[in-house]
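Enquirer: Dock chains B and C against chain A, hints included.
Residue numbers (my numbering), protein chains in the order written: chain A, 179 to 762; chain B, 277 to 630; chain C, 144 to 412.
Only true hints are included.
Result set (BS3-like, lysine-lysine): computed pairs, CA atoms no more than 25 Å apart in a straight line:
| # | chain 1 | residue 1 | chain 2 | residue 2 |
| --- | --- | --- | --- | --- |
| 1 | A | Lys665 | A | Lys557 |
| 2 | B | Lys468 | B | Lys446 |
| 3 | A | Lys665 | B | Lys446 |
| 4 | C | Lys366 | C | Lys153 |
| 5 | C | Lys268 | C | Lys253 |
| 6 | B | Lys601 | A | Lys557 |
| 7 | A | Lys216 | A | Lys375 |
| 8 | C | Lys289 | C | Lys268 |
| 9 | A | Lys665 | B | Lys601 |
For the record, the hints were derived by calculation from the structure and aren't laboratory data.
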Amino acid sequence: MDQGKPRHWLAVALQLGATGGLAALLICLVGMVEEFSKRYIIVDVLEMGQALLLLILIATGYMTARRLADRPAREQLLASAVSGLVPAVMLFALVLLIEPLNMRSIFLNASPGLVEILTFGQTGVAALVLMAAAGATQALAGGVVPHLSSRTRAPLVKAIAWVGLTGLLADILRVTFTNIPGAIFVLGWMFGRGSGKGLSIPGVVVVFGLVAYATYRRQRRPAGAPGLRSRLDGRKARLVNLGLWTAAAVVLYLLPKLLGPYLSEVTNSVGLFVLMGLGLNIVVGFAGLLDLGYVAFYAIGAYVVAVLTSTAVGNEAGQIVWGPGMSFWLALMIAVLMSVLAGIILGVPVLNMRGDYLAIVTLGFGEIIRILAGSDFLKPYIGGSQGIVQVGVGRIGGLVVFDKPQTVFYVVVAACAAAGFISWRLRDSRMGRTWKALREDEDVAQAMGIHLVSTKLLAFATGAAFAGLSGALFASKIGSVYPHSFKLLVSINVLSLIIVGGMGSLPGVFIGALALVGLPELLREFSEYRLLMYGALLIVMMLTRPEGLRPEATRRRELHESTGPEAQAPPAGMAAPGEASAGD
Amino acid sequence: MLRRFLERATLTDVFMWFVGGSIVTLVVVGSYLTLRQGVYTSRHWFDFLVFGLAQGSVYALIALGYTLVYGILRMINFAHSEVFMSGAYIGFFVITAMNQSGFLDDNPLVSLSALFLVAMITSVVIAVLLERIAYRPLRQSPRLVPLITAIGASFFLQEAFRTMFGSASKGYPDVDVLHGSWTLTGEFIIQKIQVLVIVAGALMMFLLYLFVMRTKTGKAMRAVSEDKDVAALMGIDVDAIIVRTFVIGAALAGAAGVLYSLMFRQINAYIGFIPGIKAFTAAVLGGIGNIPGAMLGGLFLGIFESVGPILFLDGLGVAAPYQLKDVIAFTMLVLVLIFRPTGILGERLATTKA
Amino acid sequence: MTTSVLSARKVTKRFGGLVAVDQLDLEIADNAIHAVIGPNGSGKTTLFNCITGFYRPEGGEILFQGHHLERFTSDRITRLGIARTYQNIRLFSNLTALENILIGEHPHLKAGMFSAVFRLPATVKEEELALVEARRLLGYVGLTGKGDLLAKNLAYGDMRRLEIGRALASRPAMLLLDEPTAGMNPQETREMTGFIRRLRDDLGITILLIEHQMRVVMGISEKVTVLDYGQKIAEGTPSEIQNNPMVIEAYLGKGSASAVLREAAASAR
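If we strip away everything but chain A, and leave its shape as in the complex, we get:
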């Protein structure tokens, strides 16, 4: 399709500009621009809605320049600028037509507020000129990026990203600093006054400068140079390690006190998804089995704990007929066991299925569990659509009760640590290799002597165990379970976060959870558009970076600092590798 006569730069610019314009129109009409405009990234200078449009325009310009990479720079830049004009014109057309066509009756978000934002408060020709200028310059900025040397590009991009992030999270940071004695006085001036105000200009400068400098310095270090830690040896290394672990433990202990109840709660939610993410990471990331019904195990863990620990037992409304009211910890263990069992039982039917079929069938299983959970048929036992209430909480002796977010925090962290540890050990083990072989090529894996049935079932079982654990903690944390908490949305949520983070990568799970669960929790504006953004993210990631943000292969090359003892030289007569291989 891209062969043949090279296209005129104008055609490319117009086409890409139209795509960018469509994207811009979309985010306007779904209401994101207006909704996001309530929060500032840089106080009184840049708000989130504008930032979003800015991103689209920069991306459009960037893509145009990339598509025309073989043309002279002047042409590229011109094309970029033009590609920014198209969205501007399209948006102006929208502004013009909103009133006469009474668009608001159909498109609920085509409101005067939106118009105000798009036109920078101007009308008529002034608006058009302003919008066109804005579009062209922003796209041009995007078109400049490929021309920057890689040495400047990375620090620039990272610094901007961090400015954006800190600006978005300004509220949370300010609250956290208030809890650390003294910090607010030192750092308070970096943020605007009031909530939703983002970074102040000095704050922008500081963040930008720090990140840019750090990235620049990191780049200049020669590749493969050993890090600080590996230069130490034996006793010294062990001492340093011990020191680091102790410091981490202290920080983790103090963290809930610093964060306060709201942020601790957010961290707990993130933690539960990290737990599920680690589990699904084994099923999808290691073993390559696309399980879309993962929420079923989460539900089973939650319901088992609920039934076993609930005190709302009896024959009245809102009660279940059988419930032993046992201790939470015992119920937790049973819940994990039941999830493992479920993993095996639900894994058996899909042993011979591949790819698409596996996905749909597992999705079906997830839905079956959800429907059964809410059905009248099972209502006496598991509460039907009204769920189960008065779920038990964990206790230690009579002293420590895990019922507040700050205390639940420790349980969640412990669970995540355990799951992370297990995943880490498995990843580098024979089992981990076996799963990866399964993922790469199932038939050849079998031909390597791998027993497919047990391998797949173990993957399902382990993943289910983590999900069950997460569900059990979820039930206790909330204090009740309702069937509507276990929709397909949850499975997609978990899938999205491991894809964004990088399938098979452990740090990727953390990054994905922070981005896709943490951010929407922290920024209320995102919650309305959560699924929309997940969907868009999945598409964009698959099209641009299917290995994720923090893929596993990188880890290998990063951590590999020294090769082990080399094998003996190849037998005489066999040419050395470099000499005779064709086409290197």
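Expert: Just chains B and C, lined up with the frame of chain A:
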């Protein structure tokens, strides 16, 4: 032969046969009990049957989209459910406008035709955009990638429609011409709208069949689904054929959207999800890639789902069996994929190992 | 009289109406280098697939050390001591060369999930030894230093070598090589040929290979079996095969003469 089979049978096979057997037993026993109790008259069963046929026609039309795309690209177009929904949704705006202006009552035939046209065009546009933006760049990627993209596209479209047009359900207005029912012999009543759905569905399926079997494009489509590379060598423009396949599948889905909306009246951005999965079940049931299979699968599934809950579960004393109708459909999907993955009519899906 | 390590009798494999392998008899002598040749579509790879458990033959039997391979799945067959490479190279692309070989060692390792998580000393030892062995094999096939490259990033020739290394990792008694010199230039072909001979000499492995290049076949094989349309049309030493008119006809012509010759071959069996 039996000996060979027993040699190969593993523990998992035994487990599955046990599960399958239990389900079949439950179904048979439940049906027997229900019929013996005689709570439902033949008029009831007729109602269920007709309802199932109408719903099945909708499933069949959507299933054809799945099966056509799978035949050509070997991928499940997970977002096809949203192609269906988009037609229904945009159709809502059209029919509301026509209703308010009175055009609908004055010229029902023209109105309905326009409605179908707009819905089908909308669905086609969405499908073509999907193919261009999300699927075409990933044709060479490992199978997991386009599947995930399709899932993402599905959710994206659902949410885009919801946030653009509002979360509230939209109601299709009552169409005078389709109001009411006809009485057949004795007490058997059939609703006019059901007749429309069944007849329109059958007509479109028949036209599609003719198209695929007789026209040049249809033959090219079949060639591409046999072997993409060889078809290209024969001079067929594979990209164009792929687009055309999406178009046809989408048109059928858009029409199905209108029929669904006229029948059920309340629509929202999520109406695609469950019917989409059911339609896929139907396509698999009939044999994925098999066009008559998709049609029969759809009709069968519709009837099974309508008659099943009452027939199987009522006798067993299950409360509110209709809540579990989706469970029945999903269970059927699983059983078919395990015991007869090639479907009832069989399909040409090869699973060569090396 | 050499013993047969593999005995295939009347093996038949059908795909719908097409008979890919037709009542094939094959005896592979112990420690031999045995080549299977024939025009495209003659059933060579299908035969390999039947031997290694990828396909189940409709008829016949395949005996290896007393076991009936035609009933087994491929994992069991590998554990019995048969390994193979593939015509189209099927490495685990997104894993490193070292990992590919480590997976090859799977049948000889024992560690399970529990021992992995708790890092039992026996498991740690086993992994260490496995790594040493993997590096050794890497060196043996001439890929020293490339262990941490992703398989998909290797040069073509290196990929072929890695596949052989991976196959050797399972310590097979018999190695099936499917067109090991495909896509190689004469120099590389010579090296590969020498390497195959060394495999047999050093390790005592029986080698069964599918080949297209006559040079290779004539150079190293002791016995050659010729297939056409799924049937055996000739068998013997390389020089016998070279002068066999039926073989020449099979490669050159699909005319009526071939049909006559095939019938003659069939009645001669």
